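S.K.: Just so you know, the sequences run in chain order S and W.
Letter by letter, the first sequence follows residues 26 to 343 in the numbering used here.
Letter by letter, the second sequence follows residues 26 to 343 in the numbering used here.
No lab work stands behind these hints: they were computed from the structure.
A few of these clues could be false.
[As the list claims (entries may be wrong)] Here's a subset of chain W near chain S, in silico, CB distances under 8 Å, partners left out: (1) P50; (2) S54; (3) E55; (4) P128; (5) A131; (6) I134; (7) Y239; (8) R292; (9) E296; (10) R299.
[Claimed, not checked] Restraint-style ranges between C-beta atoms, simulated for each label pair: (11) W/K117 with S/D62: 18 to 24 Å; (12) S/E193 with W/N317: 36 to 42 Å; (13) S/E193 with W/D277: 41 to 47 Å.
Fair warning: this is a prediction, and the values are worked out from it, not measured in the lab.
Idealized CB from N, CA, C, for every residue including glycine.
Here's the letter readout for the chains.
Protein chains: 2
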Amino acid sequence: MDRIPTKQDIIDAHERIAEHIPRTPVMRSEALDRAADAGVHCKMECLMPDVGSFKIRGVMNALLSLSPQDRKRGVLTQSSGNHAQAFALVAKKMGIPATIVMPRNANAIKKRNVLEFGGRIVECEPGDGPREQMVLDVQRKTGAVTIHPFNDYRIIAGQATAAKELLEDVPDLDAIVVPVGGGGLLSGTALAAHYFSPQTKVIAGEPSGADDAYRSLYSGSIQGNPTVDTIADGLITKLGDKTFPIIQQHVDDIIRVDDEEISSAMRQLWERLRVTVEPSGAVAYAAVLKENSRFYRQNVGIILSGGNVDLDRIPFLQ
Amino acid sequence: MDRIPTKQDIIDAHERIAEHIPRTPVMRSEALDRAADAGVHCKMECLMPDVGSFKIRGVMNALLSLSPQDRKRGVLTQSSGNHAQAFALVAKKMGIPATIVMPRNANAIKKRNVLEFGGRIVECEPGDGPREQMVLDVQRKTGAVTIHPFNDYRIIAGQATAAKELLEDVPDLDAIVVPVGGGGLLSGTALAAHYFSPQTKVIAGEPSGADDAYRSLYSGSIQGNPTVDTIADGLITKLGDKTFPIIQQHVDDIIRVDDEEISSAMRQLWERLRVTVEPSGAVAYAAVLKENSRFYRQNVGIILSGGNVDLDRIPFLQ
Chain S
26 MDRIPTKQDI
36 IDAHERIAEH
46 IPRTPVMRSE
56 ALDRAADAGV
66 HCKMECLMPD
76 VGSFKIRGVM
86 NALLSLSPQD
96 RKRGVLTQSS
106 GNHAQAFALV
116 AKKMGIPATI
126 VMPRNANAIK
136 KRNVLEFGGR
146 IVECEPGDGP
156 REQMVLDVQR
166 KTGAVTIHPF
176 NDYRIIAGQA
186 TAAKELLEDV
196 PDLDAIVVPV
206 GGGGLLSGTA
216 LAAHYFSPQT
226 KVIAGEPSGA
236 DDAYRSLYSG
246 SIQGNPTVDT
256 IADGLITKLG
266 DKTFPIIQQH
276 VDDIIRVDDE
286 EISSAMRQLW
296 ERLRVTVEPS
306 GAVAYAAVLK
316 ENSRFYRQNV
326 GIILSGGNVD
336 LDRIPFLQ
Chain W
26 MDRIPTKQDI
36 IDAHERIAEH
46 IPRTPVMRSE
56 ALDRAADAGV
66 HCKMECLMPD
76 VGSFKIRGVM
86 NALLSLSPQD
96 RKRGVLTQSS
106 GNHAQAFALV
116 AKKMGIPATI
126 VMPRNANAIK
136 KRNVLEFGGR
146 IVECEPGDGP
156 REQMVLDVQR
166 KTGAVTIHPF
176 NDYRIIAGQA
186 TAAKELLEDV
196 PDLDAIVVPV
206 GGGGLLSGTA
216 LAAHYFSPQT
226 KVIAGEPSGA
236 DDAYRSLYSG
246 SIQGNPTVDT
256 IADGLITKLG
266 DKTFPIIQQH
276 VDDIIRVDDE
286 EISSAMRQLW
296 ERLRVTVEPS
306 GAVAYAAVLK
316 ENSRFYRQNV
326 GIILSGGNVD
336 LDRIPFLQ
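Please model the entire structure based on the sequences and the hints provided.
M.R.: Structure, rendered in structure tokens:
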């Protein structure tokens, strides 16, 4: 797919994946409403079976779109964690050999799950440069089809289905708030709101210690992170040339939150919803708490994007 | 209601409460299936909004059955935790003043939630004797209607609706496994299976450190716990004269698990389902793991009964 997903592309993606993955619930809590001074509607992507994140949506859509010839070549991707798990599981279910380039320092739980799902891990040094070089090397050796974790319109159309479901379940949302890393979920959400509920604002939460998307949005060109310092390990990549223009056109704002705010939001979600949302998954709720006057008494949808926590390293208990 | 709930009583209870509380999801995980060597179907009562446990089912059914005169008198109950929270919340929503007798050493999170929901807490010393004395004292002073947390047929009929929903969602279950404390959930589950799916076995999990129900079932009379030593703080009460006969007639067996087994099962559920199941809520899954040869390749429903954990005291991190 070589164009920005249309409304019909997102409808098609949803039909393609809906028979393979369950609809995640939307949860509410009086305590969260009180804390945010708003009607908080949580889309529980962290409860996605087996993989614990929304990433399976994009992967499923992309792999189901491959030709039989491409399937035989095998598939290759890069990821620090949640995309890797989803990629390994979906490929296994479809009988496609999968290789995932992961940084050496990736979260232990996420690595274990990739191996359990039958994925082959190739390790690289942390950072954009070494990772991309390793992907090129592996591709040259294996001839596998490379699928980028977010800078791919099939992936973006898949991620858009989370917001599509949320807007079907809660049609009167004033805003949807999601985390931003590479921008796959954010650009997909922005397109879904644009097509299915144009009056709904789309706002992102981003860790202050990796605020490249914020700087990109306000400078008008894609920025990187010279240094990275955040517990939200899923949100450190920079935007891509496919996600950025969609974000520029359809995203209203990006709110930055520091690690203490992320950790505190995370604890609230564990206590009040009883789910182990991971730091990256709590960033959107942290953003709503931080700037709650913007959402005063509004209906706000929040995508709790993932729940894969290394239980020996729970940030609010360190 | 002064009779063992009939099939119609349970259907009526379900209709009465269904418009007030959402249907909790049934979740699956490849990793849990692998660990148990069975098809594991988890009824997520720990995700019940606001109160985080199945207890709201019985409370809702009991309070909705009160006469207008009784509602004016106010209501009174006793509980170490999850019943207390549900009682306070439902009473508040119905505009009924609620008093809850709680032991001094009850879980801090459960106490905080009771107060947030507008319940009045009267503290007592731990143990059956002091608690029952305090309930009598408060009843005499206030004239409130006393509702027992489990030894009440309205409560039992309400708790039965969890298994009824589970059997509707997964009709071919070979067994349902639930935790047992006072026996409200266990007797309700046993009745639901008896009426709606008689071929489904009902088995309980119980902490070894408070194994009164096991000893009661095999001695033929209600036993207490001379000493109590378990992390499953919701399961230390003994059976009642209304729950015990139902359990004798319809429960197939009780499996005892020690604290290490509970803690390890709890960690698995946190990692694989991404929910903060509490120790008492993990007991049924611990029982399935312990005696997994009994359930080999069967379809097993497990009620994950509650998710209220004091996050500063997570057993598997102590």
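S.K.: Run the structure past the numbered hints and jot down the numbers of the failing ones, going up.
M.R.: Those not satisfied are hints 4, 5, 7.
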